[in-house]
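K.L.:
The lines below spell out each chain.
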Amino acid sequence: MKKFMNRPADYVDEMLDGLVAAHPSLERCGASRRVIRRAGGARPGKVGIASGGGSGHLPLFTGYVGHGLLDSCSIGNVFEGPNLESCMEAIQFADGGRGVLCLYGNYGGDRMNFDMAGEMLEAEGIVTRTVLGTDDIASAGPDEAAKRRGVAGLILAYKTAGAAAEAGADLDDVTRIAAKTVAATRTIGVALAPCQVPTASAPTFSLGPDEIEMGMGIHGEPGIWRDRLKPADALVDEMLERLIADAPAGASDRVVVLVNGLGATPLEELFILYRRVASGLGERGISVARPLVGAFVTSMEMAGASISLCFVDDELERLIGAPASCPFWIVP
Amino acid sequence: MKKFMNRPADYVDEMLDGLVAAHPSLERCGASRRVIRRAGGARPGKVGIASGGGSGHLPLFTGYVGHGLLDSCSIGNVFEGPNLESCMEAIQFADGGRGVLCLYGNYGGDRMNFDMAGEMLEAEGIVTRTVLGTDDIASAGPDEAAKRRGVAGLILAYKTAGAAAEAGADLDDVTRIAAKTVAATRTIGVALAPCQVPTASAPTFSLGPDEIEMGMGIHGEPGIWRDRLKPADALVDEMLERLIADAPAGASDRVVVLVNGLGATPLEELFILYRRVASGLGERGISVARPLVGAFVTSMEMAGASISLCFVDDELERLIGAPASCPFWIVP
Amino acid sequence: MSTTTTNAAITVELLRNAACRAHDAMRRNEQRLNEADGKLGDGDTGSMLARLTEALSRADIAQAEDLGAAFALYARAGSAATGSSLGTLLVTALLAASKATKGKTAIGWNELSPLVGAALEAMIRRGGASLGDKTILDAVHAVAEALREVSDQATARRLAAEAARRTLDDFRDKPNRIGRARMFAERSIGQDDPGMLALCILLSDGP
Amino acid sequence: MSTTTTNAAITVELLRNAACRAHDAMRRNEQRLNEADGKLGDGDTGSMLARLTEALSRADIAQAEDLGAAFALYARAGSAATGSSLGTLLVTALLAASKATKGKTAIGWNELSPLVGAALEAMIRRGGASLGDKTILDAVHAVAEALREVSDQATARRLAAEAARRTLDDFRDKPNRIGRARMFAERSIGQDDPGMLALCILLSDGP
Ligand SMILES: Nc1ncnc2c1ncn2[C@@H]1O[C@H](COP(=O)(O)OP(=O)(O)O)[C@@H](O)[C@H]1O
Ligand SMILES: Nc1ncnc2c1ncn2[C@@H]1O[C@H](COP(=O)(O)OP(=O)(O)O)[C@@H](O)[C@H]1O
Ligand SMILES: [Mg+2]
Ligand SMILES: [Mg+2]
Ligand SMILES: [Mg+2]
Ligand SMILES: [Mg+2]
Chain A
29 MKKFMNRPAD YVDEMLDGLV AAHPSLERCG ASRRVIRRAG GARPGKVGIA SGGGSGHLPL
89 FTGYVGHGLL DSCSIGNVFE GPNLESCMEA IQFADGGRGV LCLYGNYGGD RMNFDMAGEM
149 LEAEGIVTRT VLGTDDIASA GPDEAAKRRG VAGLILAYKT AGAAAEAGAD LDDVTRIAAK
209 TVAATRTIGV ALAPCQVPTA SAPTFSLGPD EIEMGMGIHG EPGIWRDRLK PADALVDEML
269 ERLIADAPAG ASDRVVVLVN GLGATPLEEL FILYRRVASG LGERGISVAR PLVGAFVTSM
329 EMAGASISLC FVDDELERLI GAPASCPFWI VP
Chain B
29 MKKFMNRPAD YVDEMLDGLV AAHPSLERCG ASRRVIRRAG GARPGKVGIA SGGGSGHLPL
89 FTGYVGHGLL DSCSIGNVFE GPNLESCMEA IQFADGGRGV LCLYGNYGGD RMNFDMAGEM
149 LEAEGIVTRT VLGTDDIASA GPDEAAKRRG VAGLILAYKT AGAAAEAGAD LDDVTRIAAK
209 TVAATRTIGV ALAPCQVPTA SAPTFSLGPD EIEMGMGIHG EPGIWRDRLK PADALVDEML
269 ERLIADAPAG ASDRVVVLVN GLGATPLEEL FILYRRVASG LGERGISVAR PLVGAFVTSM
329 EMAGASISLC FVDDELERLI GAPASCPFWI VP
Chain C
174 MSTTTTNAAI TVELLRNAAC RAHDAMRRNE QRLNEADGKL GDGDTGSMLA RLTEALSRAD
234 IAQAEDLGAA FALYARAGSA ATGSSLGTLL VTALLAASKA TKGKTAIGWN ELSPLVGAAL
294 EAMIRRGGAS LGDKTILDAV HAVAEALREV SDQATARRLA AEAARRTLDD FRDKPNRIGR
354 ARMFAERSIG QDDPGMLALC ILLSDGP
Chain D
174 MSTTTTNAAI TVELLRNAAC RAHDAMRRNE QRLNEADGKL GDGDTGSMLA RLTEALSRAD
234 IAQAEDLGAA FALYARAGSA ATGSSLGTLL VTALLAASKA TKGKTAIGWN ELSPLVGAAL
294 EAMIRRGGAS LGDKTILDAV HAVAEALREV SDQATARRLA AEAARRTLDD FRDKPNRIGR
354 ARMFAERSIG QDDPGMLALC ILLSDGP
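Residue numbers (our numbering), protein chains in the order written: chain A, 29 to 360; chain B, 29 to 360; chain C, 174 to 380; chain D, 174 to 380.
Calculated directly from the structure, the hints in this document are not laboratory data. A few of these clues could be false.
[Unchecked claim] Straight-line distance between alpha carbons at most 30 Å, and here's what the computed BS3-like set of lysine-lysine pairs gives:
no.	chain 1	residue 1	chain 2	residue 2
1	A	Lys258	A	Lys74
2	B	Lys258	C	Lys212
3	B	Lys175	C	Lys212
4	D	Lys212	D	Lys347
5	D	Lys212	A	Lys258
6	B	Lys74	B	Lys208
7	B	Lys208	B	Lys258
8	D	Lys212	A	Lys175
[Unchecked claim] Part of the chain A face toward chain D, derived, beta carbon under 7 Å:
no.	residue
9	Gly104
10	Glu108
11	Gly109
12	Leu112
13	Gly137
14	Met140
15	Asn141
16	Glu249
17	Pro250
Ideal placement from N, C-alpha and C gives every residue a C-beta, glycine not left out.
With the rest of the complex left out, here is chain A (with noise of 0.2 Å):
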């Protein structure tokens, strides 16, 4: 696999050297500077939004560091989360005297850097919530829903919750908020072209030429089935029918739809996905609220697709609805 890099070490600080040049938006900062947060810092008496996670996402994590969403974010290496200092920082960047929530996907690094990082700062009176992503269905049972991974539905989270504490919520409320966002929102991906680690020598999985897996992780975690290529409306119906099975108890009919690409599939093709998505909602009688199609939570150069319902109320639509602004995307 070809990449545009230099030393395969110096990948992640390269790239968040160019990021905060491209966008002046976005200022890093931290100790080994290895966290993005919003130019100009933490407002005071606005609740605070952290988030953190390993690299090889963009847009994710970095990249929705800005109004109505992140006040920061601390980032790992390729696929590894963030490490404690970082997290602490985040936190810190994040704290405008209100409270600190940390949202972020539910692995276990994360999660392990992130409690430790909570507990240390407790000591010098931050107080944190955590919240965590917790979308992909495909990623453990229904039964043990607490447990799955978080993937592309989080960043429905983070604009619920952001658009919440723009508007001064306070930690409770806004915690509430993205808990709501998270339960009320389920994803399955499928990869149809493997990714591959900057350091490491070969691809972190492999397909044949016609095979995709149904299910896959967002780090190439083997998935639910692995099978030959389907055309693009069979895909969607069956991952349609995996999501509205899981459906939570006496969700809404109405839904923010996301149609995620994982970095190498075109647009055209995540368009073609949706025309599907739509009118297969439609047949069920679900509306969509808002229509989300693009490369927001990718793999690198993974290709494939993943689809997102989150089943709003009114509260979570017009929070999905806010104005927004950070450099992937902005609601007007």
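With chain A's structure known, arrange chains B, C and D with the ligands on it following the hints.
P.N.:
Same frame as chain A, but now just chains B, C and D with the ligands:
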């Protein structure tokens, strides 16, 4: 190459269905439904801007229909120019009574069809002007600059001409701005991996596992050299060198930079490239008026990137910074 | 492959057969032409021609009152099918043929050469390329020349196919002089121009 | 591979050697471990451990006044190098070791088993996995058990390596019970857990 699609012959129409379903600001129209225009149609009293081209380059062309950008866009099959009828319709839909600028890339089919369309509509009293994007320096020598193909830099002409039209400029002035932008813009691309036309049984070209091609066209047309992959910085250095050696006479020392992904190249790598572009320009005493980093003009799942420099004066810089909004580019 | 050699003239009926055979030939050679285009261009010539000839073969020209009207219907159908360079040039050729045959229900085989010549002229005017640039134009030109003084279908078919084939062979080792391929003229040497190759296939496979 | 078998105790000096050897082992096995992780996880275990052990080998612990301080410096260096699951668990283990050896400049080989036990406990608490889940924990547990009543380096090395190897073999055909691999338990059967494999390599290659 695996694609999310149904029948290859339906690739374009299903993509357009999804595009307009996801983006209500775009309206699909025309006898063969191969035109995208702003929802609501032409604004009376504004100079219209129509573009067009083959499919497979999203967000180009159709994605740039919106406030401060295009009014309408005809769209052909993958890598084929838009047909005559759709070019006529695009011009008609863009017409607000003050004339229409046809602004598109310099490709044979596109030109023939827009020319014929313009000739036929002249009879109906629609005044048209034409400006062709010709920014690809690898497609012809400086002595034949007018023969160059239009690639990623075309969107900068959309932006400036669109801003001028939105501000009330007349057709001659909008045409002047577009031509000035094209004359100030230079692009070069490098490909790491090919793409495949949906109806074709093999990729358009093939590259060895470590091979890349410098100067490759946006459809995979052969470039300047083919050799082993080099470090990102070395590639950027060569590309900048070539771009600057080709700078227009009397070029300013201030540029809008577009580091554009060809489709499958992750954002991470584009930022690694941009990092070096920014420092390389700085070393040469050239300042960056506005950086754009992302997948703005693609070739489906082709891997690679292009770098565009637009040498701006105050007028162009102001127009590039003017408010604009389409599904894939928002300038607040 | 047909053994019919008797038609005294070119009629709407003959045109319809030609379109069907052209479609069949393009369908069978779609990937070969895509591949040839992939070497110099964007790899779409075959799929485009398969689509364009399908559109022609579906266009109902049975009711067309003369050749001019039939060619016009084909031009319209072809134009709806594509806006590619080659496709648009073929539409241009059909339009020119329509003009030249307006009011005629049949033309003799001896009138084919000037008809092709008129189409060629229109293609040159529209596309801006010149003879010698290694494009379909060179093959069309050779066909027009070969058809001079021909007066029956069998000879016309044989000479046209030979002329196209000869031109393809003659130009193979010349550099491409239009489009992007100009830039790597050395690399275009030894490669068949896809447009020329397409015409060659059409004429050896077609009516 | 070393033939030194005489050290009477575990010292800061020995720790430094261990870190260097660990780095060497991880460097050499980086891609093998990435590959093992690719089968069940995200393919980064080897590169992560190469980086983490490089950070340890570079950390200057020569001036550390006791083992506790040396372990703390290593924990800090390791923590700066990664936030991955395994890396963070190893840092957790180093922190636990630091706490347990505070004030001691040396400990006897017979004290190693309880030290590993304390580290294991901390890893379980932090990571939330259980023994039997087919993770590095099971190998660490086996090592702690094997080191009971051992009082010299040579025996410690031999028994620790054997214990890790045995655990790897024992668990190979068991299903993975944590993380995403849980979901395709059948597919995890027959695969080595990358964390366990890493420990095995460290102990057979290391000091
Ligand atoms: N301006 C032109 N004049 C004559 N022939 C042309 C011209 N441009 C292209 N062609 C012919 O068309 C062929 C390419 O056709 P096609 O692949 O369908 O077009 P596109 O370049 O739009 O992808 C060339 O091989 C050449 O023979
Ligand atoms: N919660 C946990 N408890 C114990 N060991 C774990 C835990 N999570 C991961 N591991 C170990 O770490 C290994 C994976 O390490 P690594 O690839 O570095 O982490 P990541 O999952 O962050 O990519 C697993 O093979 C397992 O042995
Ligand atoms: Mg990882
Ligand atoms: Mg084409
Ligand atoms: Mg072509
Ligand atoms: Mg891993």
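K.L.:
Holds or violated: are the alpha carbons of D:Lys212 and D:Lys347 at most 30 Å from each other?
P.N.:
At roughly 15 Å apart (the allowed maximum being 30 Å), D:Lys347 and D:Lys212 satisfy the hint.
K.L.:
Going by Cβ atoms only, is A:Gly109 closer than 7 Å to chain D?
P.N.:
At about 3 Å, which falls below the 7 Å cut-off, the nearest Cβ of chain D leaves the hint on A:Gly109 intact, so it holds.
K.L.:
Between the alpha carbons of B:Lys74 and B:Lys208, is the straight-line distance 30 Å or under?
P.N.:
holds (20 Å)
K.L.:
When you check the alpha-carbon spacing of D:Lys212 and A:Lys175, does it fall within 30 Å?
P.N.:
holds (20 Å)
K.L.:
Take the shortest C-beta to C-beta distance between A:Gly104 and chain D; is it under 7 Å?
P.N.:
Holds: closest Cβ of chain D sits about 5 Å from A:Gly104, inside 7 Å.
K.L.:
Next item in the hint list is A:Leu112. Is there a CB on chain D closer than 7 Å to its CB?
P.N.:
holds (5 Å)
K.L.:
Does the interface hint hold: is A:Pro250 within less than 7 Å of chain D, judged Cβ to Cβ?
P.N.:
At 5 Å from the nearest chain D Cβ, A:Pro250 passes the 7 Å test, so the hint holds.
K.L.:
Is A:Lys258 close enough to A:Lys74, meaning Cα to Cα at most 30 Å?
P.N.:
The given pair, whose Cα atoms are some 48 Å apart, is violated under the 30 Å limit.
K.L.:
Does the nearest C-beta of chain D fall within a distance shorter than 7 Å of the C-beta of A:Met140?
P.N.:
holds (4 Å)
K.L.:
Would the pair B:Lys208 and B:Lys258 pass a check requiring their Cα atoms to be no farther apart than 30 Å?
P.N.:
Since the Cα atoms of B:Lys208 and B:Lys258 sit roughly 34 Å apart, the hinted pair is violated (cutoff 30 Å).
K.L.:
Next pair to validate is B:Lys175 with C:Lys212; report whether the Cα-Cα distance is within 30 Å.
P.N.:
holds (20 Å)
K.L.:
Double-check A:Glu249 for me: the hint is only fine if its C-beta lies closer than 7 Å to a C-beta in chain D.
P.N.:
holds (4 Å)
Of the hints listed earlier, those the structure fails to meet are numbers 1, 7, in rising order.
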